[in-house]
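Asks: The whole structure should be built from the sequences, with the hints applied where relevant.
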Amino acid sequence: MYQTELNALKKANRFRQRQIFDEELIDFASNDYLGLANNKKQFKKAVKMVSQYDIHAPKASMLVNGYHEIHEGFERTLSFLNGFEKGLVVGSGFLANMALIESLVRKKDKLFIDEEYHASGMMATGLLGDRVVKFRHNSANDLEEKLKLHTVGRKIIAVEGVYSMSGELCSRDIFELADKYNAILIVDEAHSSGVIGDNLLGIFEYYGIKPQENHIKMGTLGKAYGSYGAYILASAQIISFLENRGKPIIYSTAPSVFDTALALVNIEEVSNESDKFKKEIIKRQKIVKKSLDIDLKSLILPIPVPTNEMALKLQEALMVKKGYLVGAIRQPTVSKPILRIIPRLGSSKKALKSLLNHF
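When you read off a place in the sequence shown, starting at 1, and then add 122, the result is the number in the working numbering.
What the hints contain is simulated information worked out from the structure, not anything from laboratory work.
Be a bit skeptical, because a hint or two may be false.
Keeping only pairs whose Cα atoms sit at most 27 angstroms apart, straight-line, the calculated DSS-like set for lysine-lysine is [unchecked claim]:
(1) K170 - K398
(2) K400 - K332
(3) K400 - K475
(4) K162 - K458
Replies: Okay, here's the thing in structure tokens:
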């Protein structure tokens, strides 16, 4: 039924399939930035937390009776740490973006979205018709020109704190434009929370910006926080609106209780040991600087390659001959293929130096 399309993907070296990789490979591909995904001490803490309750599965949507005390405790902790009024745990980052964009952009409103925003947000824009304006990647000037043209209804801006493929930080000027034009600002912090900022809280902390009523922070639990799920932090009014209008929140089974507990104990660990984690992040950024003369602001290192075929061949060679796993990222995820290297804390500094010697 779809063989012609699959053959075309294979011919273009864009074919994908799931793989179970050898655990002996040295992982420089995953988004497990802090190396918490295999931390058994943290895992046991989460098991102990969940074991205190008779109910350990969500059972239903959060608006029926799937909302658990662990969900509530997680939301309270994360809101407090980040300086937001209220929080909302969500099943995944994809669902969080769908919920925000689909529900907040009403009939007379306009969404201004960075052209390199995550695919989940871009997919949600398909529901909005002519209420969407894309602006040039990370360009405050282009965004402002387009904001000036919209004088009716709400203005909502969507950006990423750290862009997932380039590792580039969102321009601070965009935060200032949101205030200047009285716009709601959605910041996807999937790749910045746990990685940047004095206490590793993300882009708001990195820029020293105190969250305001027009600010929304969303992020995932499956990256630096070593679990699965997502969250939205905002004013109490916006959280209430999402509970009443966010279809992925209303009609999805509540997030996993265990995964939420695991994220909570990991977030507490990062908060308590932020200096230790930050020092290790800086050490790896310095290795990249010394090896490749690249200043990393995050933990994402993109290496451009000419073709999809070469990306796959380089990935295979590093894996089979050297024992390193890196990401071979191709269209449509990126406009031009890259090897995506994550200098994560779960892999040694010695291994990172050795890997970078091949470039």
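Asks: Hint by hint, say whether it matches the structure.
Replies: Each hint, compared with the structure:
1. With a CA separation close to 25 angstroms, the supplied pair K170 and K398 stays within the 27 angstroms bound.
2. A hinted pair counts as satisfied when its Cα atoms are at most 27 angstroms apart, and K400 with K332 qualifies at roughly 21 angstroms.
3. Between the alpha carbons of K400 and K475 the distance comes to roughly 19 angstroms, so the proposed pair stays at or under 27 angstroms and holds.
4. Restraint check: the Cα-Cα separation between K162 and K458 comes to about 38 angstroms, which exceeds 27 angstroms; the hinted pair is violated.
Hint 4 from the list above is the single one not met by this structure.
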